[in-house]
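In the order they appear, the protein sequences are chains A and B.
The numbering used here puts the first sequence at residues 1 to 97.
The numbering used here puts the second sequence at residues 1001 to 1477.
Keep in mind that the hints were calculated from the coordinates and are not lab data.
Check the hints yourself; a few may be wrong.
[Stated by the list, open to error] Sample of chain B residues facing chain A (criterion: CB under 7 Å; computed from the structure): (1) Leu1006; (2) Cys1243; (3) Lys1262; (4) Pro1304; (5) Tyr1340; (6) Ile1356.
Remember, it's a predicted structure, so these values are computed and weren't measured experimentally.
Note that beta-carbon positions come from the ideal geometry of N, C-alpha and C, so glycine has one too.
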Amino acid sequence: MSKTKITIEEVKRLADLSALEFTDEELASFIPEFENILHLVDEVKNCDVGDGQIDYPKHLLCSLRDDQVKESLPQEEILKNSPKTKKGSFCVPKMLD
Amino acid sequence: MNLKDLSLIDLAKAIKERKISSYDATKYYIEKCKENAHLNAILEIYDDALENAKIMDEKIANGFEGKLAGVPVVIKDNILYKGKIASCSSKFLENYVAQYNADVVTKMLDAGAVIIGRANMDEFAMGSSTENSAFGITKNALDESRVPGGSSGGSACAVAAGMCPVALGTDTGGSIRQPSSYNGVVGIKPTYGRVSRYGVVAFASSIEQVGPITKNVKDNAYMLEVLSGGSEHDETSLKMDSCNFLLQIKGDIKGLKVGVLKEIEDAVKGLEVEKAYNDAKEFLANNGAQIIETSIPDFKLALPCYYIIAPAEATSNLGRFDGVKYSKRSQNAKDVDEIYIKSRSEGFGKEVKRRIMLGNFVLSSGYFDAYYNKAKKLQQKLKNEAKTVFEKCDVFILPTTTGEAFKIGEKMGDPVSMYKEDLFTILTNILGTPSISIPFGKGKNGLPLGLQIIADNLNEGVIYNVADFIEQNLREV
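Just need the whole structure built from these sequences, with the hints factored in.
Written as structure tokens, this is what we have:
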């Protein structure tokens, strides 16, 4: 089975999708690592899965709870783990001028 | 009272009968955690543990009866315990304080447990060696030059080294069973949905479960009873009550139909675990079990199937860590985009980034059908193949690992080699079926090997019966 090849442009695109940044050296080192991992997972790409029907567990279908008001975490608790808050909100730098 | 060799069940009984106080037991285990600090299994010993033990002693004196009344317990660092840090062994969540209790924590506290600390793990449970922790490597409890396995390496090491009578782990691809095998202890991945995942930091939601790691099988069955039961907080949990698994331990396996997969006969050839696996078959046959050769033809595809499904789900689950709501924010970010990108790049470790990238690859336009969709169809095919096995067999067996615990650093530079560590454990995560690892045999350096016993969904009782029988009678091999 021939190995799936990956280019530096594709690695950069994946980094963008992942909201991650890498040095040029790190990006380059991803290529052989990724190709080896893809060689492993390519076995799935090339396998026979028959008619390919998926049975989803019945208990996971339409499992909505009743629309009842229940106790929730207080706002100050929710905000406690945020690195920056202001007046009861999560705080980020200005987005619009 | 000598606590060293006391089982979880006997300890719970001794505390209940007030032969020992929860305070003294908790103090003993905290001291063991401190004595074994060099193993780096425990990231934090909770400073209120002794106070909570005192409170439990008062409750017990006033008639409180819970299955874990006063019993010290360790949790993995990805399980939320209100008011305590749950860092997932990541710098990104180094200071994250849980705002609520995971369902498993609530169940343990309701049963009277004293949670004494949190155990080290591979960052976000991604790894097979606990070498991916941002807070240092955990060492194997039996050989400090070797890994404890992962990702629940801290939990398994803590139990094996006598730092607690029971610890919780999570298992997404073998993360309870593989470290249990490497440290010579007992760990179960329950049926998917048996235990609520509410309050457990998600990695691959559709395949992971919380489970107990203990010194012996009966303790494990006892503990799973406490943890089991559906929850309104987790829609994937099965809406059913827990059950008494100990009642299903009969002390007999006569007539039990044990499947052996012909694919495994080939897969184990030449591996360190080959002899132990063959010995297990012989032992079971000699004790009245009927060995049935059967097959899961696509067994070997479970590993690549996992390395598509798990990273795809991880990519989505880890999208929430953005440096805004509850993780460290980069000090170098000037705008919102930079907050996301720089915080994630500085916060996540290498293996986590690798899996996020892989997940985005298999989910991205042009590849989704070829990889993710195909993997989901393959998962169904594997489930169908397993169904035919369970039509003929009560359980089937697999080795847990290919051999003994490997040396620290041995596989860190080669992700694929590390991923292949999960060869025998991943199948049951893909299937959703329960699987236990118990010690069975030794490797070439005298370190423990593990045997998995796997049953159909919700048949943990059958598993515990076989596992306990082996544990009680193994010396007769």
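Which of the listed hints are not met by the structure? 1, 2, 3
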